[in-house]
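There are 2 protein chains.
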Amino acid sequence: MDQVKIIEIKKSIFANNDQDAEKLRKELKVKGVYLLNLMSSPGSGKTTTLIQTINRLKDKIKIAVMEADIDSDVDAIKIKEATGIPSIQLHTGGMCHLDAEMTRQGLDNVPMEGVDLVILENVGNLVCPAEFDTGAVRNAMILSVPEGEDKPLKYPLMFSICDVVVINKMDVLPYFDFNLEKCKEYIHMRNPKAQVIPICAKTGEGVDAFAAWLLNQVQEWKKQ
Amino acid sequence: MDQVKIIEIKKSIFANNDQDAEKLRKELKVKGVYLLNLMSSPGSGKTTTLIQTINRLKDKIKIAVMEADIDSDVDAIKIKEATGIPSIQLHTGGMCHLDAEMTRQGLDNVPMEGVDLVILENVGNLVCPAEFDTGAVRNAMILSVPEGEDKPLKYPLMFSICDVVVINKMDVLPYFDFNLEKCKEYIHMRNPKAQVIPICAKTGEGVDAFAAWLLNQVQEWKKQ
Numbered sequence: 001m002d003q004v005k006i007i008e009i010k011k012s013i014f015a016n017n018d019q020d021a022e023k024l025r026k027e028l029k030v031k032g033v034y035l036l037n038l039m040s041s042p043g044s045g046k047t048t049t050l051i052q053t054i055n056r057l058k059d060k061i062k063i064a065v066m067e068a069d070i071d072s073d074v075d076a077i078k079i080k081e082a083t084g085i086p087s088i089q090l091h092t093g094g095m096c097h098l099d100a101e102m103t104r105q106g107l108d109n110v111p112m113e114g115v116d117l118v119i120l121e122n123v124g125n126l127v128c129p130a131e132f133d134t135g136a137v138r139n140a141m142i143l144s145v146p147e148g149e150d151k152p153l154k155y156p157l158m159f160s161i162c163d164v165v166v167i168n169k170m171d172v173l174p175y176f177d178f179n180l181e182k183c184k185e186y187i188h189m190r191n192p193k194a195q196v197i198p199i200c201a202k203t204g205e206g207v208d209a210f211a212a213w214l215l216n217q218v219q220e221w222k223k224q
Numbered sequence: 001m002d003q004v005k006i007i008e009i010k011k012s013i014f015a016n017n018d019q020d021a022e023k024l025r026k027e028l029k030v031k032g033v034y035l036l037n038l039m040s041s042p043g044s045g046k047t048t049t050l051i052q053t054i055n056r057l058k059d060k061i062k063i064a065v066m067e068a069d070i071d072s073d074v075d076a077i078k079i080k081e082a083t084g085i086p087s088i089q090l091h092t093g094g095m096c097h098l099d100a101e102m103t104r105q106g107l108d109n110v111p112m113e114g115v116d117l118v119i120l121e122n123v124g125n126l127v128c129p130a131e132f133d134t135g136a137v138r139n140a141m142i143l144s145v146p147e148g149e150d151k152p153l154k155y156p157l158m159f160s161i162c163d164v165v166v167i168n169k170m171d172v173l174p175y176f177d178f179n180l181e182k183c184k185e186y187i188h189m190r191n192p193k194a195q196v197i198p199i200c201a202k203t204g205e206g207v208d209a210f211a212a213w214l215l216n217q218v219q220e221w222k223k224q
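Residue numbers (my numbering), protein chains in the order written: chain A, 1 to 224; chain B, 1 to 224.
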């Protein structure tokens, strides 16, 4: 099995995370690196979605991934093995989210030469990561069908800060009481501008649309 | 639709939560009230599992429920409508967990006359709730099949503090890559004594075993 670099993240000392996140965003803009912050509940399929998305984009733009988890390095290894792109594991040591300074600790260990896009897979958690700006250009989240359509009602902040909501595991829709139209309605209650993209990461269905959204994001941002 | 009492929980002022949790546990022991802290990821089926469990136990012991959520009151209403037992909603106002003092704020609003068991449905989150002792006699958690068998590897603390792990949504096992034996192995890596109970809350399959565990817990504890 492949080895990946594991970074033990230290607690931030900065008092003003919003300010620090703004600073990081500007530093990354100068370097031409687009940072995407990807969030979700545990087990919604972030890693599988990333593998499918990266394999559609890796010949068009240069990508690196940072996998944040409290423990284990299974996700970073999966990404590296399935896509061949640089992937590092961030261990938060029990911390429930990443802020801008913690994200910077990770970025310092990513081989940045020529990289266009860094994807941060945040800790699996619908609550705390929503409260901390990581310095990313955009926030994306994955909601999976088995979690239920009512999640935007229960976790309002998460849905209000995400520009795109990927609905994963559409293949199991027949086995769950999940109303996609109702879910879209709840998402748009929280963020009227959020794009909603239904996919099945296991089969790859719908992933083209998310990959296209992301590629367009990176290209438009580079022109600015 | 039924109305339920909604309590807006305030941030705790106590510095030492462990001490405060011990105090609350003793207070509840004097009153003869067993407190169960139920945790899980968002959408794992806590509320449905509770409804099934309560309907099996409500003629044997007197039960009340506190539903904690960042926002919304859908769960407390569901419990009240489906079981008829007292159910109140705790709003954490963005906070990602409950500690002992926050739990006490909820308990102060539960009609406690003759109650044997209070079940606290904690905020849907596998990270933060694991770090704060609520004053409960036991911690229980639900892991659902779609979340994947690897969760004990990624969220070690949660699995190490739970005495029982309910594996929910067993009906959809054929549609997911979920190895129950592997999952049990991972759970027991974190907590060798944890009981693992596979169920399907939708159909009620397996819930008898969880209800029996809980009834036995309450009865044995009352004798101590």
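Source of the hints: derived by calculation from the structure; they are not laboratory data.
All of these numbers come straight from a predicted model, not from anything done at the bench.
Worth double-checking, as some hints may not be accurate.
Which copy is meant is left open, because identical chains are indistinguishable; a pair holds if it fits in one copy or across any two.
Below are the DSS-like pairs computed for lysine-lysine, each with C-alpha atoms no more than 30 Å apart in a straight line [to be verified]: (1) Lys5 to Lys182; (2) Lys182 to Lys78; (3) Lys5 to Lys184; (4) Lys5 to Lys31; (5) Lys11 to Lys60; (6) Lys202 to Lys182; (7) Lys223 to Lys182; (8) Lys202 to Lys184; (9) Lys184 to Lys62; (10) Lys5 to Lys29; (11) Lys223 to Lys78.
Comparing the hints with the structure gives:
Proximity of lysine 5 and lysine 182 under a CA criterion of 30 Å is satisfied inter-copy only: 26 Å between copies versus 42 Å inside one chain copy. In this assembly of identical chains, lysine 182 and lysine 78 lie within 30 Å of each other by CA distance solely across copies; the values are 18 Å between and 34 Å within a copy. Taking the closest pair of Cα atoms, lysine 5 and lysine 184 come within 30 Å of each other only across two copies (29 Å); inside a single copy the shortest separation is 38 Å, beyond that limit. Taking the shortest alpha-carbon separations for lysine 5 and lysine 31, only the intra-copy value of 23 Å comes in at or below 30 Å, while the best inter-copy value is 53 Å.
Neither within a single protomer nor between protomers do lysine 11 and lysine 60 lie at most 30 Å apart by alpha-carbon distance, with minima of 35 Å and 48 Å respectively. Taking the shortest Cα distances, lysine 202 and lysine 182 sit within 30 Å of each other both inside one copy (24 Å) and across copies (21 Å). Taking the closest pair of Cα atoms, lysine 223 and lysine 182 never come within 30 Å of each other, the shortest separation being 36 Å inside a single copy and 49 Å across copies. Proximity of lysine 202 and lysine 184 under a CA criterion of 30 Å is satisfied in both settings, with 22 Å inside one chain copy and 24 Å between copies.
Taking the shortest Cα distances, lysine 184 and lysine 62 never come within 30 Å of each other, neither inside one copy (32 Å) nor across copies (39 Å). When the C-alpha separation of lysine 5 and lysine 29 is checked against a cutoff of 30 Å, the pair qualifies only within one copy, where the shortest distance is 25 Å, while the shortest distance between copies is 49 Å. For the identical chains of this complex, lysine 223 and lysine 78 are neighbours neither inside a copy (32 Å) nor across copies (50 Å), given an alpha-carbon limit of 30 Å.
Taken one by one, the earlier hints fail for this structure at numbers 5, 7, 9, 11, listed in ascending order.
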